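Visitor: Listed here are the chains, written in short residue letters.
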Amino acid sequence: MFERFTQTARQVVVRAQEEARALGHPWLGTEHLLLGILAQPEAPGVSTLTELGVNLDSARAALGQLVGRRGLGESDADALRTLGIDLDEVRRRVDASFGPGALDYPVRSRARRWLPWRRGQCVATRDVIGYLPFMPRAKRALERAGREAVARGDGHIGVEHVLLGLLDPKGNLAVELLRHLGPDAEVVRTRVLADLGKAA
Amino acid sequence: MSEAIDAAAAATSQDPRVGLRAVAVLRQLVERLEALQVDSARRYGWSWEEIGQALGVSKQAVHKKHGRR
Chain Z
1 MFERFTQTAR QVVVRAQEEA RALGHPWLGT EHLLLGILAQ PEAPGVSTLT ELGVNLDSAR
61 AALGQLVGRR GLGESDADAL RTLGIDLDEV RRRVDASFGP GALDYPVRSR ARRWLPWRRG
121 QCVATRDVIG YLPFMPRAKR ALERAGREAV ARGDGHIGVE HVLLGLLDPK GNLAVELLRH
181 LGPDAEVVRT RVLADLGKAA
Chain R
1 MSEAIDAAAA ATSQDPRVGL RAVAVLRQLV ERLEALQVDS ARRYGWSWEE IGQALGVSKQ
61 AVHKKHGRR
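Taken in sequence, the protein lines are chains Z and R.
Sequential numbering of the first sequence, starting at 1, is according to this note's numbering.
Sequential numbering of the second sequence, starting at 1, is according to this note's numbering.
If you're looking for bench data, these hints aren't it; they were derived computationally from the structure.
Some clues are possibly wrong.
[To be verified] Between beta-carbon pairs, the in silico distance windows are:
id, chain 1, residue 1, chain 2, residue 2, range
1, Z, A61, R, K59, 40 to 46 Å
2, Z, D168, R, L33, 32 to 38 Å
3, Z, R4, R, A61, 52 to 58 Å
4, Z, V187, R, L20, 39 to 45 Å
5, Z, D57, R, V57, 43 to 49 Å
6, Z, S97, R, R27, 17 to 23 Å
If you're wondering where the values come from, they're calculated on a predicted model, not measured in any experiment.
The C-beta atom is built at its ideal place from N, Cα and C for all residues, glycine as well.
Between the sequences and the hints, there should be enough to build the whole structure, so can you do that?
Guide: Right, here's the structure in full:
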């Protein structure tokens, strides 16, 4: 799948894995790919994001907020502290027993085990060291990146194509994340294409 | 000791906003822990009956809540 990827585009995927791990996420999603892209500010297309006010720090913070809505966040920890409960300690113990992310990303196991595209399925690989499994939308984004390259007549798949691939009209967490930070996916796409046209 | 007094004071906070919020989050935390433990028990081969007994509820109640998760 990655044969035509440039060195930097591969770096995006590697970095995305690291970002996912750092967050304790047992999967690789579009949100991590976006962080991976932002970690390459010199790459084509990424400066457009920076101009739109999206950078690695702001995206990380926004992801924390978005995901925080699902998991237990800082304000929840404060509330529990008033009861003398240390949420970090609870999380540490739960993760030790059930694997990283167990408390914040509850397993949707059994009933959905036969649906391989469900996020819960990834939990089975929680303990596996090595590549995290790509979530379907992340996979789709990379496939879209390939199509973007073909459409532009580029022989390689670069960071700019991965970025365009992430801007999926069908929506994904990366798109949600961008909207949270301001720019709409459609706006980003237009701007990126314009900037790439200028550079060419 | 002073920490324990602080915690006890907060838990019985006169301010309903503080007290109710703490209770709400605690409930959320309990729900998550229950889900993890029930899943784990099922993987260990426990029956719904046994899980219900351990949780102090009927097997129907526990199955209704966690069976289709």
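Visitor: Which earlier hints turn out false for this structure, listed by number in ascending order?
Guide: The structure breaks none of the hints.
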